[in-house]
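Q: Protein chains in written order, with my numbering: chain A, -13 to 286; chain B, -13 to 286.
Take these hints with a grain of salt, some might be off.
As the list claims (entries may be wrong) - Each computed DSS-like pair below joins lysine-lysine, with the alpha-carbon atoms no more than 27 Å apart:
#1 A:K182 with B:K95
#2 B:K192 with B:K182
#3 B:K275 with A:K144
#4 A:K95 with A:K275
#5 A:K238 with B:K275
#6 A:K192 with B:K26
#7 B:K144 with A:K144
#8 B:K182 with A:K238
#9 A:K227 with B:K192
#10 B:K(-10) with B:K74
#11 B:K227 with A:K182
#12 B:K238 with A:K182
#13 A:K275 with B:K238
#14 A:K192 with B:K66
Worth flagging that the hints you see were computed from the coordinates, not collected in a lab. Nothing here was measured: the structure is a model prediction, and the numbers come from that model.
Protein chains: 2
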Amino acid sequence: MTAKVSVIGLGSMGLGMAQSLLRKGFSVTGADLNAEALKKLEAAGGSGFSSAAEAAREAEIVVVVVVNAAQAEAVLFGEKGAAAAMKKGGVVICSPTMSPDDARRLAAKAQAMGLYYLDAPISGGAGRAASGELTVMASGTAEAFAAARPALDAMAAKVYELGDAAGIGAAFKMVNQLLAGVHIAAACEAITFAAKLGLDLATVYKVISASAGNSWMFENRVPHILEGDYSPRSAIDIFTKDMGIVSDMGRKENFPLPVAATALQLFLMTAAAGMGRDDDASVARMIAKMTGIGLPGERS
Amino acid sequence: MTAKVSVIGLGSMGLGMAQSLLRKGFSVTGADLNAEALKKLEAAGGSGFSSAAEAAREAEIVVVVVVNAAQAEAVLFGEKGAAAAMKKGGVVICSPTMSPDDARRLAAKAQAMGLYYLDAPISGGAGRAASGELTVMASGTAEAFAAARPALDAMAAKVYELGDAAGIGAAFKMVNQLLAGVHIAAACEAITFAAKLGLDLATVYKVISASAGNSWMFENRVPHILEGDYSPRSAIDIFTKDMGIVSDMGRKENFPLPVAATALQLFLMTAAAGMGRDDDASVARMIAKMTGIGLPGERS
């Protein structure tokens, strides 16, 4: 268990994953442009670097936890990228939400350099990252799974093995994000409509979350609205990105996604109104401002 | 517990509710135009009539379980309606899904005739109706609740007391239906898109129903699609109706409901394609036919 693991991208998810790896006895390096994040990694017992190449030098496992496919490509294959610095036969565990096409393209590049690649989108949030209880929707060759397994076991409570090629994990994650995004938009539309109808919102939450109208997102996000707290647990910008990928995938496949397209517009409206970096429950705040209704902690 | 209760509308919900009342020792009459339903009521120990007035003669409690506000108005206040036949001081428990305005209007009419009125939309399905375990989202005066209580206790596992006037229960139900309808449409959009992406649908169901993309409706309806079984547990026509009421309410309140409006269009597309009386998961079948993908038990 003394393999060298490098975590590229030390936001709240990456930092939590690094902590979980350190707890299991791995030698952990990390890379981020944010000096504060590198200090936190070092305080937890890891070594921080400002470039992916330095962090990944001779690493057997590289975990990529950046925001999107373009960043993943840059930190893996760009200038001072991780891939060229890794041990041959090492594995890239690639976790950003991206289209299946992007996952396949990155996998092919890694394989051409003698590396294994696991398409491994994650869910669970920062808390579960820190406790080593993420859910991973993974696909890749048997060799990629075998090479990644020790790190996966340290970071995740649940690893779905979804297929033998990159792209399948990404597709599962996108289907999940489509639903999650629609359910956030619907929760915000419903709760603001309930306010317009004069209903007591705490009672709406209690009744609906115990009824057939419930969703994981309704249950999780509506409390942010009831508390008037829009500090970002997950930001609007994440869903403009993810629902944007869903929209691109639908166009490429010639497949209509009207409900997802409408939800995307609501996230874009919220971002356009200046709330892109706020919590994704801000869709409710945008609707409230537009329609002149009052929400807890907000002025109409 | 020998109060006379009359159930107007003996579909699967009404019949189940009548059975629950009989089990608790009430004297139960019922009215329906379907002779088969009357026979079932009589087999369970009740008395069946072809008009609401006959069934409701001197009834202390009348439970209305018809399809919509127009039917409720007809069976209560139309020719051979129940209201004029009831005992003065009796209570109408009115359960169809309808707009708050309709609920207020029916309540005012009942009150003008010396009756109490409980705005009492239900959820839970035929199984829970028969076992006396419905959920009721009720509002009305304290006197209406007191008069209705014995019957509510016999029919429901959970009675939410949501306010002291008719219209509030209806509004809660409509907010629930908005979310339920959106979640069905989103589940059908997501599962057909997953099929288009070549994913194994049983695995999609397993992974998503354990993830942040889950909803009560995803979990409940997707199995119908996996089994290719579109026999109506709840029909498309119910949601063209209910999402239509939501749409009307939004226009009346000058309140935009873009996600709900899009879901309504998907239900209308499915009804227009000839599947109005099929299970509401048929939205997936409509999308599959449109896009030429295969679903279990369906030809593309």
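Q: Below or equal to 27 Å on CA atoms is what counts here, so check K275 of chain B against K144 of chain A.
A: 35 Å, violated
Q: Holds or violated: K227 of chain A with K192 of chain B, Cα cutoff 27 Å?
A: 25 Å, holds
Q: Within 27 Å, alpha carbon to alpha carbon, are K182 of chain A and K95 of chain B?
A: Holds, at about 26 Å.
Q: Are the Cα positions of K238 of chain B and K182 of chain A separated by 27 Å at most?
A: 11 Å, holds
Q: Assess, step by step, whether the Cα of K192 of chain A is no farther than 27 Å from the Cα of K66 of chain B, and give holds or violated.
A: 40 Å, violated
Q: K144 of chain B and K144 of chain A: Cα distance at most 27 Å?
A: 35 Å, violated
Q: Regarding the pair K(-10) of chain B and K74 of chain B, is the alpha-carbon distance no greater than 27 Å?
A: 13 Å, holds
Q: Would you check the hint for K182 of chain B and K238 of chain A, treating anything up to 27 Å between C-alpha atoms as holding?
A: Roughly 11 Å separates the two Cα atoms, so the pair holds.
Q: K275 of chain A and K238 of chain B: Cα distance at most 27 Å?
A: 19 Å, holds
Q: For K192 of chain B and K182 of chain B, compute the direct alpha-carbon distance and say whether it is at most 27 Å.
A: 18 Å, holds
Q: Do the alpha carbons of K95 of chain A and K275 of chain A lie within 27 Å of each other, as the hint requires?
A: 47 Å, violated
Q: For the pair we were handed, K227 of chain B and K182 of chain A, check the Cα-Cα distance against 27 Å.
A: 22 Å, holds
Checked against the numbered hints above, the structure violates hints 3, 4, 6, 7, 14; every other hint is satisfied.
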